[in-house]
Every structure is written in structure tokens, then in C-alpha cells.
Amino acid sequence: MSREDVVTIVNDFLIDEFELEESQLAPDALMKEDLDIESLDFVDIAVIIEKEFGLKVTSEQMIKIKKLEDLYNFVLDQSKN
Amino acid sequence: MGVYSTIGKNIDEVTESLYKGKSGIVLDAERKEYGFRSSLTGVIERPNLKGILSRRERVGLPEQGEYAYIATMEALKNARIDQDFLNRYEVGILYGNDSSSTSVIEAADIIREKQGTMRIGSGSIFQSMNCTVSMNLSVILKLKGINFTISGACASGSHSIGLGYLLIKQGLQDTIICGGAQEVNALATGSFDALSAFSVREDEPTKASRPFDRDRDGLVPSGGGATIILESYESAVKRGAPILGEILGYGFSSNGEHISVPNVDGPVRSLQMSLKDAKLKPEEIDYLNAHATSTPVGDANEAQAIYKVFNKGRVPVSSTKSMTGHEMWMGGASEVIYSLIMAHKSFIAPNINFENPDEHSKYLNIITQTKEQKISTFLSNSFGFGGTNSSLIVRKI
Chain A
-3 MSREDVVTIV
7 NDFLIDEFEL
17 EESQLAPDAL
27 MKEDLDIESL
37 DFVDIAVIIE
47 KEFGLKVTSE
57 QMIKIKKLED
67 LYNFVLDQSK
77 N
Chain B
44 MGVYSTIGKN
54 IDEVTESLYK
64 GKSGIVLDAE
74 RKEYGFRSSL
84 TGVIERPNLK
94 GILSRRERVG
104 LPEQGEYAYI
114 ATMEALKNAR
124 IDQDFLNRYE
134 VGILYGNDSS
144 STSVIEAADI
154 IREKQGTMRI
164 GSGSIFQSMN
174 CTVSMNLSVI
184 LKLKGINFTI
194 SGACASGSHS
204 IGLGYLLIKQ
214 GLQDTIICGG
224 AQEVNALATG
234 SFDALSAFSV
244 REDEPTKASR
254 PFDRDRDGLV
264 PSGGGATIIL
274 ESYESAVKRG
284 APILGEILGY
294 GFSSNGEHIS
304 VPNVDGPVRS
314 LQMSLKDAKL
324 KPEEIDYLNA
334 HATSTPVGDA
344 NEAQAIYKVF
354 NKGRVPVSST
364 KSMTGHEMWM
374 GGASEVIYSL
384 IMAHKSFIAP
394 NINFENPDEH
404 SKYLNIITQT
414 KEQKISTFLS
424 NSFGFGGTNS
434 SLIVRKI
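Sequences listed follow chains A and B, in order. Numbering-wise (the working numbering), the first sequence opens with residue -3 and increments by one. Numbering-wise (the working numbering), the second sequence opens with residue 44 and increments by one.
Rather than coming from a laboratory, the hints here were simulated on the basis of the structure. Take the hints with a grain of salt, since some may be wrong.
[Unchecked claim] Just a few of them, taken from the derived set where beta-carbon distance is under 10 Å, the chain A residues facing chain B:
id: 1; residue: Glu13
id: 2; residue: Glu15
id: 3; residue: Glu17
id: 4; residue: Leu21
id: 5; residue: Pro23
id: 6; residue: Asp37
id: 7; residue: Lys47
id: 8; residue: Glu48
C-beta: ideal position from N, C-alpha, C; glycine also.
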């Protein structure tokens, strides 16, 4: 899966599920401070990533994600494993 | 007060339904597919809270929490309480709720299917807990006072008002959000269906719930949300709140017998205690909203209790469950609201489908057609599994 595909899928669910605006989704946007995504939300993001990408991830792994770009990279890295 | 029920989504709609004797009961095809003994149920539309509540506020809110939220927002608006008031004063919540089934069932399905918990998501735990309604609403409304749930079976909503009354009377709180909520879906009522307690009059859904009628054959499950704002008289007067009524008495008792079969003595003691607390004689009650759910034994026992306490039973009686079905955890709160509506509009809503009395209900003054009548003081009965009983006496202001 290309980086572009990952970005599209991640951005789409952030817009649909987390009610974010496309303009907020800059790669360097901070998950908590800029996007208001807190630790409980990562539990749901883990569910969506499993559904969308077939990846089994834990919220503990995801809690290390600080920026949106980290999330794209996390999905890409996990996809390679 | 505010309400979201099978006979109306707000006080105005419910007022009209009560006056017209409209039933909220239908057949549910899903229950047929599941092989339920009875497919009868109250029907209610789920509110769409997207755009009203944030995602975080919505994901932990179960179906009955949505109903409770809508009812509570209407109640707060009618009581002229805004968010600024909630921020500045210590307002509490005591809400009736005795199960939250759907999220528990869905989480169990995911665990079994996926052999893990990661797909459950973050909202399930907050939807599953018994205190889900008080927990969610206290966070959404940023409440700072007392905060917990009353689980007293089908008397939960009534006990929440009774306990709120006691706390305010003790001077421990000035304002408390009280009420009851009940989810309305097939899976939540499956285990109740298994007891063969539901009416099977499926060919006539609106005639299935027939409290006190000779040919009743069981209750019809239903639900929604109902909220009453209780406030100390001093606080309400000070802020110029529209006061609808005053809680005069709260009676409670436990049957001390069977887990599901009610008796006569427990309700008698609850009724007598409420009258004693209100310092009223039975003849001073203008209307009695019965618990009567349309089950053979329950209605017969309540009829005997009313007859015994109310000097040969001449108090006007109706069971609004004939229209709403049995709203279970919500019923004790909604029925106080239904009665308050009647008191303010000067009518008694009918006990629809009461066509022939049985050997006990023949001694009661059951109102079968909408009756124009002034109501100053009314009593609302609520009983539940385990033999829990609650009787509330309210005077219209």
C-alpha cells in the first residue's frame, strides 16, 4: 500500500468518525493539542486500523503517536511487518 | 420536567397522546425472527445527536442514555436552568436505570468472534455500566453535586425521585436531576420474554396492554427517558423557577417474599407510608396512577392493596401503561410526569382497554375514558422484581 493510500484512508476516517476538517489534517498536526484526540480515542483508532488495514495493533503502541505523520508512518511500518 | 417516550417525544406530544388515549405499542418483526414468545413492544425513534453532542460524549452514551439526554434537556429548559447555572451551583443527579444490555451483548459477541478485546472500542464500558445514564449526563452537563444511579427494578425511576426528595428535605442538596431511562430493543428484553410475562395478543397490538382488565395476559415491554428537576422550594422561589408541583410523600417497602411474584402487603405498606409522610388521608388523593402492568397476578394484588388503603377504593385510578406499555426502569419517573401533566391540564388519562373487570378490579374506580377533572394531589405507584415498592405523593402547584 502506498503512502498516499494510507494518508487518504486515515484522513477519511478522521473526517468521518472524529468529525475533523480536512484543513486540520496537516502531517505535523499534534494529535492531542491540534486534533483533540486523547488516549481513549486511540482505542477506537486501533479498531478502525484493524478494520481498514487488517493490522492488529494495541492502544499502547498507538499512544506513542504524537503527530498525524507518526500515525501514517505507524500504519506503513506495521503493514511491512 | 421532560420526557421522550413511545407516546410522544416531548411534554406537548405526550400531553396530546394522554388526552386522546393513544397507544404506543406495535409488533416488532425482529423479535419474530429471533423466535421471541411475544413480538409486542413500545416503539420509539432513536434521536440523532450528531452535531448536538461531541463524538466523545456520544460514543459512551447507550440508547437509553440518548432518551435520557433529550428528556433532561427538555426538563432543564422548562425549569429555566442553563449551563451557567449548572456551572455555578452544586446540582446533582440521581437517575433510575437497572441494566444496559446492548453494549454488553455486542462486546461479548466481539470477544467470542475475534478471540480478543481490541475490537470492542472505547465506548462500550461506559455504555455497559448500570450507572451509564447518571455517569454520562453528569459529564455532559458538568454537574458538581451528588451523582449515582438508583437500581430498583421497575421502581428505579420512582425511587430516584423519592431519594432526591429525601436529600433535598435533609438540606444536603438544593437541586437534583431525577428520572429514569429504559432501552427499547429486542435483545435487552429477551430474558424477560423467557419468563412468559409478556402479552401474546399479537393480533391487536394496541389492545395488548390492558391493566386491570379481566382478559389481560401479560405486560408489553417499552421504554424511553423521563426527567424531573427536583429543587428546594427556597432555591426555586429565589430564582423565579416555574414550580410544577411539590413532593409531599414518599413511601417504600419490600415484600420480603418471592423474586418475581408480587404480594398485597408490601404495596399496602408503601401506600400507607407515603400517606403518613404526606400527612394526608386517603380521601385527599384526587388521582392514583397505578403501577398495574397488565400481568394477571400483579394487577390483582395492586387492586387489592388500593382497595384496602383507599377506603373501599373510590379514588380515581388509571394505569398509563395501558398506552405506553411497561417502561420499566423509566416508568416510575415518567408516570409522575404523566400525572403532573394531567394535574396541570385538569384531566385524567384513561386506562385504555379496560373492558371487563375481574374479581378485584371491579371494586376500583378505574377511569376508562378521558375525564375532565381537577387534580390537586396525586399518588404514583411503582413496584418491581424482588418485591421493591415505591409510592410518591405529589401536589400540583
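Hints versus structure:
{"no.": "1", "hint": "Glu13", "in the structure": "holds (7 Å)"}
{"no.": "2", "hint": "Glu15", "in the structure": "holds (6 Å)"}
{"no.": "3", "hint": "Glu17", "in the structure": "violated (14 Å)"}
{"no.": "4", "hint": "Leu21", "in the structure": "violated (16 Å)"}
{"no.": "5", "hint": "Pro23", "in the structure": "violated (22 Å)"}
{"no.": "6", "hint": "Asp37", "in the structure": "holds (7 Å)"}
{"no.": "7", "hint": "Lys47", "in the structure": "holds (8 Å)"}
{"no.": "8", "hint": "Glu48", "in the structure": "violated (12 Å)"}
In summary, the structure is inconsistent with hints 3, 4, 5, 8 from the numbered list given earlier, while agreeing with the others.
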